[in-house]
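Novice: Given chain W, work out where chain Z should sit, using these hints.
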Amino acid sequence: MALVVGGALVVVLIVVAALAQWIAPYPYDQMHIRDRFLPPSLHYLAGTDEYGRDVFSRLLFGSQLSLALGMTATLISMGIGVPLGLLAGYRRGATDEVIMRTLDVMMAFPPIMLVLLILAVTPPSLMKTAIAIGVLAVAPIARVTRSVTLDLMSGEFIEAARARGERLRYLLVRELLPNVWPVLMVEASLRVVFAVLLGAVLSFLGFGVQPPAADWGLMISNGRAFVDTAPWISLAPGIAMSITVIGISLVGDGLREVLDPKLGSRR
Amino acid sequence: MNTQSRPRTEPLLEIRNLTIRYREGDRHVTAVRDVSFSLKPDGALAIVGESGSGKSSVAGAILDFLGPASEITGTILFEGQNLAELTPVQRRNILGRRIGAVFQDPFTALNPALRVGRQIAEPMVQHLGLTLADALGRAEAALREMGIDRTAEVARAYPHQLSGGMKQRALIAAALACEPPLLILDEPTTALDVTVEAQILRLLSRLRADKGIALLFISHNLGVVRRLCDDVAVMYASQLVEFGNVRHVLEQPAHPYSKGLLASRPPLAATSRNSRLAAIDGQMPISAEPDAGCVFAPRCPFREPSCSAGPQPLTIIPGGRTVRCWKAGEVGPWPRQQVTAAAPPTFHRGDALVNATRLSKTFDASRGLTDWRLSVTGGRPQVYRRPSRVPAVNDVSFSISPGEVLGLVGESGCGKSTLGRLLLQLLRQSGGSVEFDGADLARLPAQALSPFRKQAQIVFQNVGSSLNPRLSVGEALDRPLALFSLAKPRDRTRRVEALLDMVRLPAAYRTRFPHQLSGGERQRVAIARALATEPRFIVCDEPVSALDVSVQATIVNLLADLRDAFGLSYLFISHDLAVVAQLSDRVAVMYRGRICEIGTAAEVLAPPHHPYTQMLLTSAADDEPVTGPAVSDIGHGARTGCVFAARCPHKLGTVCDTTPPPLRTPSTTHAIACHLDTLPDTAVPPVRADPYPQRAAI
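Each protein sequence line maps, in turn, to chains W and Z. For the first sequence, our numbering assigns the number 1 to the initial residue and increments by one for each residue that follows. For the second sequence, our numbering assigns the number 268 to the initial residue and increments by one for each residue that follows.
All clues given are correct.
Far from chain W, by Cβ distances over 12 Å, these chain Z residues were calculated:
1. 334
2. 407
3. 428
4. 479
5. 537
6. 564
7. 599
8. 706
9. 762
10. 926
Straight-line alpha carbon distances no greater than 20 Å define the calculated DMTMM-like cross-link-like pairs of lysine to aspartate or glutamate that follow:
11. Z:721 <-> W:166
12. Z:918 <-> Z:948
13. Z:307 <-> Z:446
14. Z:307 <-> Z:477
15. Z:478 <-> Z:277
16. Z:721 <-> W:159
Between beta-carbon pairs, the in silico distance windows are:
17. W:5 <-> Z:457: 40 to 48 Å
18. W:1 <-> Z:352: 35 to 43 Å
19. Z:629 <-> W:97: 19 to 27 Å
20. W:105 <-> Z:416: 50 to 58 Å
Please keep in mind that the hints were generated in silico from the structure rather than gathered at the bench. We treat Cβ as the ideally placed atom computed from N, Cα and C, and that holds for glycine.
Isolated chain W, as found in the complex (with noise of 0.2 Å):
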């Protein structure tokens, strides 16, 4: 059930994302200098802001900015954290401890911090957003792909593989990752949402995206002055990124539900 509600929002999302130059009334960046402050209606759907800027247009094409900020960070992350997990669970010993124990000083920085660090000492753009929140994912992914790593290393299979002298690339790609593939996906989907998210609290702070790019931060942000007067510059950016992070998120607990008799019949 939560995959099939989760699984539209998103499908939704993404085809929206896709197709934003074409189903958008007006160009992101088209000032109407006449129609500023304009509350929702026929004509412009969810209202205007204080440049007289269609808020529905710029909806679409910030949803755009969002889902590839959350996917580009999210593949970051795994490429890097998914490695890392499997050659440590499977390793053991010294090349472990060195690879947790360098993730872990990673962790020991405020996630906000640090990506506050990066982006205000060089100019913001969003592949070096995208690349910043990706690599504080790192820690988080390489644990959870280590323990199960760990975990899947007591199976004969994996010294059966061994007795036959498979090479190390073999037995992490085919038979280890295969099997951790599954729990990959729960955490995955679960990554998009707080790189959404985080990607939004950066633009709200001015260090993500910079204007006039419609991003659903930026929007927020750039909304919040005028709040009393006019709600919706803020409130529709705000529910659509509710939507989208309600919809990730139904994905990523479907998938438990999904996935998780499976392990356990592993056993």
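Specialist: Same frame as chain W, but now just chain Z:
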């Protein structure tokens, strides 16, 4: 309760027409079908059957453990009360108070965070309303009754500080804490070593005699049942197929399934290379419909067309037994397989395939940053230095000729699996050397081992984890072919099918995944995977220990056939001396990292014996067992003398503790490491003065 004054002729437990069905998704699976039996107040009844026969579901129904997905019909009368009519609270008051239960795995049945004494006291606080202090006092008395000496220490210990046998004793003490008239035991000795199993069985039979407790004993092991029970019920595919006196059923089984089950147990004797175990072909159906005829008919060698005509009723045959087979009186003995192989090969010690010389392995105890550890047991923090470990394998030498099978017997923790992994270089030895086909493996770098890896393979015990759950059977078998370029890509499918055929599985199994296979089938695939590289040597690490007895027989036969067909050498590791004797040319007996006796199978099974071999033989035999302390109950004391000294019933004195035993050679192929000048020549060791000399492992 007035129920206690009921006349002793009435049954304590009576089960009538019990049927249990489980809902699995939208279909129903019948686990138990129309089972009836009764148990007298001082009786002992065994329910015997293979996994999936429904025997544990019967116990689960009595104990109300089956959960909401089950549907129970029929009546369970306990002390005259119908258990189904009781409220949950009344039901709970009976459990622990009037019915005690002990389960298979003592290693997980105790809560690791609570002291053992507390866990024994808990039911008394719950049911008898004792204060915790009183209950703890009684718990110690209960432990003493279980034959434990240092009761105060054991009661204060945490479960991880006790050996498996000790844990099972503590669990029995907890089950009997409120002196229930009925004790239900579900495979209580299956997870234990034979010598410990013998001790637990002896304890149970003493408790039964002293306290007049009724036992409902559930087991797959017919030998265990014979030692303890009066009556036995044999279950097959959710039905009762035979019921009667233990001696009658085990000595003259009437139902074909009982016959097959008994015949597939390996005898405790050396056998020729041509003999095979009797096996029951096929596998047990899940939720078979008895209306379509006898449920055993598809696997029965005595079947006739009329067997499948209609349901088989339970009929009484002479001798007071009930049997679910219309041919019961007329069935002959179970047919035995015999193969006509060539004359047994002779082995020359000179041209060994595998040669282990003074092999040792000590696991690195100083793992982590320092050897110092902090302990907070007993409330006070304490810093101590981690002790270095006893070697898992200690100065072991032997050789295996091409085509020869060396059996390796020993209890859990004796180092036999470590030894197998050393031979395959899955672990690197701490000392000594392994030669394979004349090459010293230790001198080869890991990368140069590839040709050796192709020639030496391994088959594991745990059928649940020996195959990657995400790879299909075809993929698992294809990999070794691709890795060693043993077949051209377009021929590989044919080769995989040929491998499946070798282990007698249909070619269609290529597309199946491990969770779609039964335990025996998985083990066949694992054997096929080992064969795929066309090895000359296979380490079989307890390959049949996790399997039911009839499946075990088919796998042992398969291994014997493959040995003869391809001239394979095995190191066959098992805790079961009978299984080892069935397959091995020579047998080595291992105890705490050392080989204490090695010889041909016939020599090891016949006197003269090493005292430890003698103890193993006695424990494995069906007679009244005689015991010494359990293996892990001994501290790591004697490092210089004989490793077995602390348990040895023939111990001479300090010489055994301080001096390494000399090697006695009764024949050129037989060696025994022992100080005794006259080695024991009977199977039964002398009984010690103290019949329960167990000590805690703390």
